[in-house]
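J.: Letter by letter, the chains look like this.
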Amino acid sequence: MERKIRVLIAKPGLDGHDRGAKVVARALRDAGMEVIYTGLRQTPEMIVSAAIQEDVDAIGLSILSGAHMHYFKEVKRLLDEQGASDILLFGGGIIPDEDVPKLKELGVAAVFGPGTLTQEIVEFLQREVPKKWAKAGF
Amino acid sequence: MRKKHDWMRETYKKSTERMPERPVAHRTLSNIAPDPLYTPEDVEPFDYEKKLSYPGEYPYTRGVYGSMYRSKLWTMRMFAGFGTAEQTNERFKKLLAAGQTGLSVAFDLPTLMGYDSDHPLSKGEVGKCGVAVSSLADMEVLFDGINLEEVTTSMTINSPANAIWGMYLALAKKKGYDWKKLGGTIQNDILKEFIAQKEFIFPPEPSVKLVIDTFEWGPKNVPRWNFISVSGYHIREAGATAVQELAFTLADGFAYVEAALERGLDIDYFAPRISFFFDVHNDFFEEIAKFRAARRIWATEMKERYGAKNLRSWMLRTHAQTAGVSLTAQQPLNNIVRVAIQALAAVLGGTNSLHTDAYDEALALPTEESAKIALRTQQIIAYESGVTHTIDPLAGSYYVEWLTDKIEEEARKYIEAIRKLGEGTPYPTYYGTIRGIENGYFQREIGDASYRFQQEVESGERIIVGVNAFKDEKEPEVPILLVDPEVERVQAERLARIRRERDEQRVKEALEGLRRAAVTGQNTMPHFVEAALAYATLGEMMDVLRAVYGVYEEPVMV
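Keeping their order, the protein sequence lines are chains L and G.
Heads up: the first sequence begins at 1 in the numbering used here, then just goes up one per residue.
Heads up: the second sequence begins at 1001 in the numbering used here, then just goes up one per residue.
Mixed in with the good hints, there may be bad ones.
Unchecked claim - One-sided and incomplete, this derived list gives chain L residues near chain G with beta-carbon spacing under 8 Å:
#1 HIS17
#2 VAL23
#3 TYR37
#4 SER65
#5 ALA67
#6 GLY113
#7 GLY115
#8 GLU123
#9 ARG127
Treat the hints as calculated values from the structure; they're not laboratory data.
Don't be surprised by glycine CBs; every beta carbon is placed ideally from N, CA and C.
Please work from the sequences and hints to get the whole structure.
T.: Here is the structure:
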């Protein structure tokens, strides 16, 4: 049986604009992935805890509020702290181009800004997650 | 006269046999598929008196005022706010100097969610997507040097609307302004928060109670104030079609009317000060038709169904904003064109107030320069395009009248579906809306519509210039607004100072008054004003209500 890619889609912080997160979650499900959508107003602690509990391969953060540096940093820090650094971290929302390299430096694997086609996100995960599995010996 | 279907079968068919129709979606954003042509056949018999009448006359299809833009242009009201109150005050003054004719305040997420700037959950979010307001002290700075009797202010605030309005009124009182002379709006539309924007705090029932407090207290205390701006913008941005946007917004409006009637208020007492807020999106004629249909449906329902007698209760007055969701991060300068077309649609649709987005808003909040271009867009339409020479110029267009009728028909189907959810209750639109919120009806409709749109874009059926067609290899560098990270520290210091200097006893008593009003179901507004005057913070006021009403978590669905 083929192993399914497991993804957590999360809305960190106070922002309630969830159109993008829901469209991405649905597209990933349609592409055959197991998707857990956390709902709104998640703290970094809640996100990392859910990700570990659900044994996901990747976490996607949706941030439109301008607070992306803060939330990505926090989530990455907690993932590392709890020995879950191998979980791929990606995201999207309203993130200025100049912040993308800074996020990549933090360890964010990809940033999918406005105009991204969901197919790109599907392909990214289908490409990168198996690499992660291979490294872990699957 | 030769019939349209003969032309379709002959000339049109011949033409498309030679040159097939282009393989794109020949459908509006509501999936209405217009015919290639409209003729007198499509709108006859045309009852001008019943369908249109005249501007300033029931059912107001052609405009709510008798002389519309010939006498007074729509208010040019640019939504603004970021960082500290000082920074936003500066932006307000620049926009007023550049010619805007009304103020519009954007608050940051902590404020929108009823948290003080120094609350743990505010970390990283202070001042990022709007101005931070935690108390009257911030309000005082925000409106420094602005005469509140001379300019009207719209505040985009929902769950904490009573508190923020309380602070504005407290400010006015302190400065010696006459409340009877104050004009403005609070968005205060909590139903659409549950449906689309999700900035709710308390569960639906107490949230509506807080809104109706403003319906009750507003008209007699601040008679020129629009205590609600029933909004479709957010519903549309969340993915709804134009028809759904119209239907859900009007349903919300009727829901509030019913909730106010349930409290025993007289419809003609509060209805004249209900205002609206619609999106204005890409499909040019659909948007124009939407505004016209909106006015007609509201007027006829208010008069025929709800029995309102005051003609001001029948008038749908509305603000509009160009569609944020249509802005692209790719080739951002193209957004100036999108906004111009959308703004023109709002004007041809008869809007009473307008905000135009800046070209860089898919990337960040507007810079001073980009906001100015957006304002200039309105000014050019107003003064150079000539569309203001005559009122409702598109009336009589076969397509526009057909489309107005079609949108009304489709929207009414949704309103009836919502009323059916509330069947058996004395106030079916209100209870139907609450049930729709609780059982996921709106979430499903909006989720499906947004997913369908995305699929149309991915298949290429819907072209977005620069995104899935006409892409550039290299994207231009666009200067963007950076919010000063010092904001959080400045706010924390201000809050610490307020807590040191204020009269704690007065705060305690004010908050207790608020708590008692909430518990006993009395009107909370006088207590919000008093709490604001005492320099109680927003967080403190909201915490009182959180303790009484509890907090709401929506059912999670994709």
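J.: Next, verify each hint and record whether it holds.
T.: Outcome of the hint check:
no., hint, result
1, HIS17, "7 Å, holds"
2, VAL23, "5 Å, holds"
3, TYR37, "5 Å, holds"
4, SER65, "5 Å, holds"
5, ALA67, "4 Å, holds"
6, GLY113, "5 Å, holds"
7, GLY115, "4 Å, holds"
8, GLU123, "12 Å, violated"
9, ARG127, "18 Å, violated"
Violation of the numbered hints given earlier is confined to hints 8, 9; the remaining hints are satisfied by the structure.
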